[in-house]
Amino acid sequence: MTASSGTVAPTTAQERVAVRRPGRRPRLGAARYFVQRLGFYLAAAWIAVTLNFLLPRLMPGDPASALIAQMQGRSALSGEQIASIYRLFGDPGEPLWSQYVTYLGQVAHLDFGLSVAFFPTPVWEVISAGLPWTIGLVGITAVLSFVIGTAGGIMAGGRAGSRTDSVATPAAMFLNALPTFWIALLFVLVFGFQLAWLPTGGAYDGDLTPGFSAAFIGSVISHAVLPALTIALGWSATWFIGMRNMMITTVSEDYVLLARAKGLGRTRVMFRYAARNAILPSVAGFAVNIGNVVGGQLLVEAVFAYPGVGYLLYQSVASVDYPLMQALFLMVSLSVLAANFLADSVYGLIDPRAREGRA
Amino acid sequence: MKWTRLGVTGAAALALAVTAAGCSATPAASGGGSDSLTVNMGFSGNTIARNFNPFSLQASQGTFGFQYEPLFAFNTLQGGKFVPWLATKYAWSDGGKKITIDLDKRANWSDGTKLTAKDVVFALEYVTKQDLPVEWKFEYEKAKATDDHTVEITFDTPGYARLRSIGSIRPVPEKVWKGKNGKTFTNPDPVASGPYTLKRYAAQQLTFEARDDYWKQKVPVKTLKAPVVASSSEIGKLLSGEVEWSGGAVPDVKKSYVDKDPKNHHAWYPTYGGTYMFFNHKKAPFKDVHVRKGISLAVNRTELADVGNPGMFKPLNLTGLDSKTQGKWIDAKYQDADQPKPELAAAQKEFAKAGYTKKDGRLVGKDGRQLSFKILEVTEFADAIQRDKVLAQQLKQAGIKVGVEPMASAQLDTARQEAKFDVLVGGAVFYNTPYNFYKDMLHSKNGGIWTNYGHYKSAKADGILKEMERAGDDATIKKLSAKLEKLMIDEVPAAPLITNGASTQYNSKNWTGWPDEKNPYAIPAPWAGPTDMVQTILSLRPVKAG
Chain A
1 MTASSGTVAP TTAQERVAVR RPGRRPRLGA ARYFVQRLGF YLAAAWIAVT
51 LNFLLPRLMP GDPASALIAQ MQGRSALSGE QIASIYRLFG DPGEPLWSQY
101 VTYLGQVAHL DFGLSVAFFP TPVWEVISAG LPWTIGLVGI TAVLSFVIGT
151 AGGIMAGGRA GSRTDSVATP AAMFLNALPT FWIALLFVLV FGFQLAWLPT
201 GGAYDGDLTP GFSAAFIGSV ISHAVLPALT IALGWSATWF IGMRNMMITT
251 VSEDYVLLAR AKGLGRTRVM FRYAARNAIL PSVAGFAVNI GNVVGGQLLV
301 EAVFAYPGVG YLLYQSVASV DYPLMQALFL MVSLSVLAAN FLADSVYGLI
351 DPRAREGRA
Chain B
1 MKWTRLGVTG AAALALAVTA AGCSATPAAS GGGSDSLTVN MGFSGNTIAR
51 NFNPFSLQAS QGTFGFQYEP LFAFNTLQGG KFVPWLATKY AWSDGGKKIT
101 IDLDKRANWS DGTKLTAKDV VFALEYVTKQ DLPVEWKFEY EKAKATDDHT
151 VEITFDTPGY ARLRSIGSIR PVPEKVWKGK NGKTFTNPDP VASGPYTLKR
201 YAAQQLTFEA RDDYWKQKVP VKTLKAPVVA SSSEIGKLLS GEVEWSGGAV
251 PDVKKSYVDK DPKNHHAWYP TYGGTYMFFN HKKAPFKDVH VRKGISLAVN
301 RTELADVGNP GMFKPLNLTG LDSKTQGKWI DAKYQDADQP KPELAAAQKE
351 FAKAGYTKKD GRLVGKDGRQ LSFKILEVTE FADAIQRDKV LAQQLKQAGI
401 KVGVEPMASA QLDTARQEAK FDVLVGGAVF YNTPYNFYKD MLHSKNGGIW
451 TNYGHYKSAK ADGILKEMER AGDDATIKKL SAKLEKLMID EVPAAPLITN
501 GASTQYNSKN WTGWPDEKNP YAIPAPWAGP TDMVQTILSL RPVKAG
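Chains as they are written, first to last, in UniProt numbering: chain A, 1 to 359; chain B, 1 to 546.
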């Protein structure tokens, strides 16, 4: 994703394609491109599914001893109790390959059995308690920060050195460097406790009954403001900086100069000529970022006691909860793959060089 | 200039949106109405599972005590004083091979039916038959209900030592549980005997409502709210009064909480156990008693007690028992067996007996190498790591090189079980008699598990413990305990360091009657379990307004 690879004028590339493959050829190329990509992603998915099975099992410890260690933090365990825990959660005594076959069956049915950390709650129930909150909070925040950050980057980078640029860029760099955890704590302290404008934790007021009432929805929104702002500050700053830097390189390209020289309007030059090229790395970056959306934001969730997937992931690792871990990691890796496939496809549409396999 | 203008407008719109959202939001509720109380029970995650199965290890907080109750308990803060609950009394017969338990005739379930001896026997057999991993499971020969309010349990060998487990039996209504798999049933709508019923379940807050027909007494706090509280906001919510009762260990709690409103803010960390240094007995040089003694003598316990939370903990009696709460069991000789300050000269003498001499500030053995070891600690326990580092500094004065190595808890667990470590620092808790405490720590069968972390093995200790197991009266137990106390001081199988307190913060603005130093009727920590936390909530009285 170097600057030069994304900034060749589309006109030139189209001309080249036209010279070598006249007629319908580019379309066929597109179809083959998608089939190729699909094959690649299917293979990647299988590898992800398998690694997802193997990696947790390479971790030290097992569910039973993790549970015993956790319980001992709270109270004494008798020898008998320890023995029954081992009988309940200990080594299944099944060879790894047969566990793998069972696991593949579970993946096919999307049924991962009972969670260990929340035993005996089924994995799907545990995840479905957290996932909507994560997707709601992090998903909306991710899209908003992408739009705000990228738009800001286009403006600042399009006229590098302008007043907007010289204020916004250092500000973005500062925000980008701040640790999310620290921003979160600061927000809780200032807006939550000192000014008492906003609630300091949870996803909604626990005294309300969840439902489609105005009070409940209002409570959900007010509870989401601080965590969302925490995430959005850092993320939009990142998109801003990336986009601005790409824009600066792009606006100095010859084809942009040519467009200007032709007397095209500034807006048109900026968006149709410069930004369209400069945005490519950001699109790819956004796809990778989908993993964060599905994987949750552990630190933000921890500070705001937000019931998302990030904290579940942490708990599943801490309790060596294979079923929950597998389901969550699988969800993250498959959605990253799906998002990358989509991004690749969009790439193929907006950048013909990708179809040629040269980008 | 077009970009600039747009940029400013965009930023302004964003700022406006933020402000608007801020204004429309309802401010945080200030909790604590006339008949409700908000408690931070310390849920382990951000979501609460709807699991109220009292036989499940992962049962949600509030399952015990507020809902399911034990037969009886012992107050650790008063040397194990008997606390009757569902049972009013018990009696041993047949040389300890039989116990007869009388149930309180008033006891009933939240659906209005009577709690009978059959329910008690059912719970006991249910746990045994299904091999459920409950803490109170014990071996018995036969259990039967002789009438509606009397239970008889018989044993092969004297069952005195099982008294605490017997008291912890938590009966469930047979009609609900019969035919259910105790391992996988989540019991979403519990029918129990405790003072509260679940009014509303939400993944982020449990709301309990007092039972009007609670059998034991009138319940003063009508609504009990237990929300999920992030540990980073605990102190903020305590200060704002949003949370009135909390069990987290707040750093420097006297300064950060109590001093902010000394009239209403209270922190009481009553001693329920201690912190000990466990030496690996399978490894040199810790096999040598003089090395263990020397290390113990070189420790500055007063300084150690004030790390992190000044004023809340104290140096521990060298018998391992706390002289205040367990004083009843400590032999007169050892009542003052404290060592608050390091005694470096005496430590050097002990080390000399083991062949170590101090050269240029380093304690060197016969082989010319410095005495050095590592303390393993769980990575997440930041305060414990800090404490271990202070300990390392103290031992440096005696010329010992000590390192602190943080690691994942699963890894540490394995190292402990396999005796692959030098020294560990950990906690142990007190029970109704010193028997269980010493058995946990000294019995050879408990090597590496709980809390004989050091794999200590001694035929002498095992012998005394065996005698103690068969002792039914306090006088005999105390006499045998004195032998183990002597062993602790002479052999130092583990070095007692400081007391360990059950961290509790509470606010007396709306409710009074909390346990304290003067009236230690229960451990007030909301995580203390039955009967302590329930006794606390049932003893509260509203503060009259104005």
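Treat the hints as calculated values from the structure; they're not laboratory data. All C-beta atoms in this analysis are idealised placements derived from N, C-alpha and C, irrespective of residue type, glycine included. Any given hint could be a false lead.
Not the full set, but computed from the structure, chain B residues with beta-carbon under 10 Å of chain A [to be verified]:
{"no.": "1", "residue": "N46"}
{"no.": "2", "residue": "P133"}
{"no.": "3", "residue": "E135"}
{"no.": "4", "residue": "N510"}
{"no.": "5", "residue": "P542"}
Computed footprint of chain A on chain B, listed as stretches where at least three residues anywhere in the stretch have a Cβ under 8 Å from a Cβ of chain A [claimed, not checked]:
{"no.": "6", "region": "54–66"}
{"no.": "7", "region": "112–126"}
{"no.": "8", "region": "190–204"}
{"no.": "9", "region": "207–219"}
{"no.": "10", "region": "360–369"}
Against the structure, the hints come out as follows:
Evaluation of the N46(B) hint against chain A yields a held restraint, the C-beta minimum of about 5 Å falling below 10 Å. Nearest Cβ of chain A to the Cβ of P133(B): about 4 Å, under the 10 Å cut. The hint holds. At its closest, the beta carbon of E135(B) sits 6 Å from a beta carbon of chain A; the interface hint therefore holds under the 10 Å criterion. Because the beta carbon of N510(B) sits about 17 Å from the nearest beta carbon in chain A, more than 10 Å, this interface hint is broken.
For the restraint placing P542(B) at the interface with chain A, the shortest Cβ-Cβ distance is roughly 20 Å, beyond the 10 Å limit, so the hint is violated. Residues of the region 54–66 of chain B lying with their CB closer than 8 Å to a CB of chain A number 3, which satisfies the three-residue condition for coverage. Closer than 8 Å: that is the beta-carbon criterion, and the region 112–126 of chain B has 0 residues meeting it against chain A, so the requirement of 3 is violated. Note: the region 190–204 of chain B has 4 residues with beta-carbon separation from chain A under 8 Å; the three-residue rule is met and the coverage holds.
As drawn, the region 207–219 of chain B meets chain A at 1 residues by the rule of a beta-carbon pair under 8 Å; below three, the given contact is violated. Taking a C-beta to C-beta cut-off of 8 Å, the region 360–369 of chain B contributes 0 residues in contact with chain A, too few for the three needed, and the coverage statement is violated.
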